[in-house]
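Chain A is fixed; fit chain B onto it per the hints.
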Amino acid sequence: MKKSLRGYRNGLGYLMLAPWLAGFVLMYLLPMIASLFLSFTNFNMLSAPKFIGFDNYARMFGQDKSFWKALGVTFTYVFALVPARLAFALAVAMLLNSKRKGLALYRTFYYMPSILSGSIAVSIVWKQIFGSGGVLMTLLNQLGIHQKISMLGNPDTAVYSLALLGIWQFGSSMLIFLSAIKQIPASLHESAKIDGARAGSRFFKITLPMLTPTIFFNLILQIINAFRAFTESYVVTDGGPLDSTLFYVLYLYRRAFNYFDMGYSSAMAWVLVIIIALFTAVIFKTQNNWVYYESKGGIGHDS
Amino acid sequence: MTAKGMPAPRIVSKSKGLPGSMLFHAVCLALGFLMVYPLLWLLASSMKNGSEIFTTALSLWPKTWAVFENYSSGWRGIGGVGFETFMLNSLIVSVVGTVLGVASSLMAAYAFTRIKFRLSGFWFACVMATLMIPGQVMVVPQYIIFRALGIINTLVSLAAPWMFGSAFFIFLIAQFFRGLPIELDEAAEMDGCGKISTLILIYLPLSAPAAATSCIFSFYWIWQDFFQPLIFINDPKKFTVPLALNLYTDPNSYSNYGGLFAMSVVSLLPVVLFFILFQKHLVEGIATTGLKG
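First to last, the protein sequences are chains A and B. Counting in our numbering, the first sequence runs from 1 upward without gaps. Counting in our numbering, the second sequence runs from 304 upward without gaps.
It is possible that some hints are incorrect.
[Said to hold, decoys possible] Result set (DSS-like, lysine-lysine): computed pairs, CA atoms no more than 27 angstroms apart in a straight line:
1. A:K99 x B:K583
2. B:K583 x A:K101
3. A:K99 x A:K182
4. A:K205 x A:K193
5. A:K127 x A:K148
6. A:K148 x A:K69
7. A:K101 x A:K50
8. A:K193 x A:K182
9. A:K193 x A:K101
10. A:K99 x A:K193
11. A:K127 x B:K366
12. A:K182 x B:K366
Don't read these hints as lab results, they were simulated from the structure. Note that the structure is predicted; figures quoted are calculated from it, not measured.
Chain A extracted, bound-state conformation (with noise of 0.2 angstroms):
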């Protein structure tokens, strides 16, 4: 009797779960299985993959400077990029935690940008603010600068302008610190103000030890994030100028889709997934030093 309790439970769970498990397997196993053996062959998909060992590793990190580039360009972005999101999002957070008026609103106007992330439209604008001509341009001039070269023209500041995109679609990392801002229980502060604590003292005290867990959680998740970004790179800026903007997935693709150098880009997939999960582990071997966690379990939402 038990067991076929047992056995009915396990049916009826694989059964809830096959839509996903098909996909994982689809969609996540075999393509990861695929790729990695890719990775060791030349092919170009009109020939049979022909089996080359490390060669494809090998020629990245020895030969292929626009490699070494994408990958300089891609580390400037992320460090440009995920501490100035988290840092803007915290500080907006923290002003909107108050009891005012018109909060929703301003709420509103802060979030609606980040719904519109990887919104192709939005890369068209962006392209038409900072580019030549543009309105940055045009509003410097009438200020009294004058500028020869755009923002996204000019090869040291054209990834700082990406960034700042992303920094632009700060909104729902504000509703996260938003959130868990209003979780940590009032009687804290309240004690800490009647030992005299102040408002500067109070927030890194207790407020933002408190973040940390949530903080540790959207940066690994930002982080991934960011080193997969594409669509900016290839419609606000194809890459350019001077390579200076050459995201690691714009190389990838630019490999794959117009070398048709299927094996080599792989590859290069492979590397991405090795760095990230370095990233995480690093981050994840320096919690210790600088997560709070007021009990075990949760990471930054009680359920």
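Same frame as chain A, but now just chain B:
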């Protein structure tokens, strides 16, 4: 900053006086203007005369209105394919991908939270692991697999990656189910409900908020997806809206900026409309999962 920490309404702080309040609203409004400026700029440019877009880049008010010209020329499409085709393709992929994907996610979330089956912990870890894997790893082999299956250049290839459910929605709905009392199951069982009828009769109606939130996010992501269509589709008749807009930006095939901006506005309309209607759901969805939306 003047706005300080916590909801402690009984202690009235000095910063809530009139000057502090004015400063607060001034800062918030200025920031709000910066945030919506790019969108207002797009809207204004979509109504400006083609030559005026660049001569009066700063102005948010058209000197000469060209609403009809821009929107009708943009809607006419490109390469003999009208914009309504792109809209229809996007709509089909978004709706099919969303309905199937959220249904799959609901079933998986129910299994994870309410059925004790073998290896459920392992599979849940796999669900969360898919959050970490960059989609770009899969795209080359997916392309090869789809080509072998003969679904490259069809809308199926665009819905396929979404329709089996995804980690964000499984997590979101599972969090919601965990918040429902387990007594529901016990009561249903006593009334003779099996697990499947419990899901359909009890959990499905109750899960409406979580399911609605998932549907909205899903629709957004599929509607705006650019990477997959770029790779899987090259027949203009099968183009989705983002691909069509991308073609509009190519100066070799299209030079009508008014039409480009007008159709950019059209592409954002469903997104903004949904946002206005369902903002509450979105905010709750982000707050309860703690995951990025």
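Given hint A:K193 paired with A:K205 - CA-CA distance at most 27 angstroms: Holds, because 12 angstroms separates the two Cα atoms, which is no more than 27 angstroms.
Are the Cα positions of A:K148 and A:K69 separated by 27 angstroms at most? holds (25 angstroms)
Straight-line alpha-carbon gap A:K182 to B:K366, limit 27 angstroms: Roughly 47 angstroms between the alpha carbons, so the hint for A:K182 and B:K366 is violated.
Hint check: A:K99 vs A:K193, CA-CA at most 27 angstroms. Holds or violated? holds (18 angstroms)
Within 27 angstroms, alpha carbon to alpha carbon, are A:K127 and A:K148? This hinted pair holds, its Cα atoms lying about 17 angstroms apart.
Sort out whether A:K182 lies within 27 angstroms of A:K193, counting only the CA atoms. OK: A:K193 and A:K182 at ~17 angstroms, within 27 angstroms.
Holds or violated: B:K583 to A:K101, with C-alpha atoms at most 27 angstroms apart: At roughly 18 angstroms apart (the allowed maximum being 27 angstroms), A:K101 and B:K583 satisfy the hint.
Straight-line alpha-carbon gap A:K193 to A:K101, limit 27 angstroms: The hint holds at about 25 angstroms.
Hinted pair, alpha-carbon criterion (27 angstroms max): A:K127, B:K366. Please report holds or violated. holds (23 angstroms)
Taken at face value, is the distance from the CA of A:K50 to the CA of A:K101 at most 27 angstroms? violated (66 angstroms)
Please work out if A:K99 and B:K583 have their alpha carbons no farther apart than 27 angstroms. holds (19 angstroms)
Tell me if the straight-line CA distance from A:K99 to A:K182 falls inside 27 angstroms. Distance of about 12 angstroms is within 27 angstroms: holds.
The structure is inconsistent with the numbered hints 7, 12, although it conforms to all the rest.
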